[in-house]
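Spelled out from the first residue to the last, the chains are:
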Amino acid sequence: VNGATLVVFSQDLDRALAALVIANGALALGGQATLFFTFWGLNVLRKDAPPPVAGKSFMDKMFGWMMPRGPSRLPLSNMHMAGLGTAMMKQRMAAKNLPNLPGLLADARRAGARLVACSMSMEAMGLRQEELIDGIEIGGVADFLGAASATRANLFI
Amino acid sequence: VNGATLVVFSQDLDRALAALVIANGALALGGQATLFFTFWGLNVLRKDAPPPVAGKSFMDKMFGWMMPRGPSRLPLSNMHMAGLGTAMMKQRMAAKNLPNLPGLLADARRAGARLVACSMSMEAMGLRQEELIDGIEIGGVADFLGAASATRANLFI
Amino acid sequence: VNGATLVVFSQDLDRALAALVIANGALALGGQATLFFTFWGLNVLRKDAPPPVAGKSFMDKMFGWMMPRGPSRLPLSNMHMAGLGTAMMKQRMAAKNLPNLPGLLADARRAGARLVACSMSMEAMGLRQEELIDGIEIGGVADFLGAASATRANLFI
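As you go down the protein sequences, you meet chains A, B and C in turn. Under the numbering used here, residues -5 to 151 are what the first sequence spells out, in order. Under the numbering used here, residues -5 to 151 are what the second sequence spells out, in order. Under the numbering used here, residues -5 to 151 are what the third sequence spells out, in order.
Extracted from the complex, chain A is given alone in its bound form:
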């Protein structure tokens, strides 16, 4: 019952950090962790340098350009200050030996977290599986509800 099922809706760096810390904590305590990435949260999973994708509409491309690409480019929810605040926060956290998002994501995967990308959101955002990091499941709301029915720490982040 110490497992966690987390909807990662947001692309904020701080919220993504919170989600991964909770997921890794649940895994460390012997529970399961499922992260369900939806809407802006899909940007957490984007490759830094995605391959060109054929057949994308102009609109889909434009949304893709405007959204952050992957865990190293996410803004803070507060005090982003055109990137300055976010850069300062990352630097301070590194100086204090606090975890960073790419590291937490790698830890979670190594420890067996399920990372699921919401198929409906991928369509809405115009993102294709090959633009996301490898090894992501594609799923829907039934996957989220199924995972949530087996855990208690179920959060929308």
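Simulated from the structure, these hints should not be mistaken for lab results.
Any copy, or any two copies together, can satisfy a pair, since identical chains are not distinguished.
Simulated crosslink set (EDC-like; lysine to aspartate or glutamate; CA at most 16 Å straight-line):
| no. | residue 1 | residue 2 |
| --- | --- | --- |
| 1 | 90 | 54 |
| 2 | 90 | 117 |
| 3 | 84 | 54 |
| 4 | 84 | 117 |
| 5 | 41 | 128 |
On a predicted model such as this, the values are computed, not experimentally measured, just so you know.
Guided by the hints, dock chains B and C onto chain A, whose structure is given.
Showing chains B and C alone in chain A's frame:
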């Protein structure tokens, strides 16, 4: 245990879509779905053209003018861009045959979702029951906690 | 099963109000309530006039200056309008005899709520225990997961 009890706190179109997709998923899987609308989330339930309401203070009227009226006028949490981004997102989702919020709300009600408006928030926001769409329950935190005690997918959105 | 375990991630006045109303409701119904304050949510717990703290870096001091200090200085998530909207909302809520955040916090503590400050976030934000109101536990993700495993209304706010 596949039911969902969702606090809809936000008036963001994308968050409201997520809430309704989860609620409809829970209902489709045979679970219960309770949506508890509070603070800005009450704006999801507002009528497009509410009747004039007697006895509202100037402040209550002013808040009413400034807040979005109903599911067709909600902003995106991101890239709203003075309405342009939101209009583009709606158009793209329609073109891709993805669900829209008024349709999801109608589906949820048809499938038996409980829609509860938080009485304390209605007072704070200066909204009256006749300004909300018909058939909404008025309730309090005990209603939320009671519903949440019977479901697992309990989220604050 | 009517207990609540709430992650207070945000420093928004309206979200903090929602968290405390739910916590107090759970306590009134005989359940437990644990509030886990993390990231910006730590600002809810800050003293209005903290003692000077030795050994803070310039960066930690600067973050401290830029963040709101305590429950009376939090902004609304919406319509803050450089403080004007927030002041108007507080005044209206008081005029309508609705609860305020300092009162709700005091009620929660009197009724036995556990208030836990996330140790990792305190480091990231550069906040020390003596800058927070007295009687706050310091804890980590295992504390959150432990509390959440015993309650159903588990929310990320």
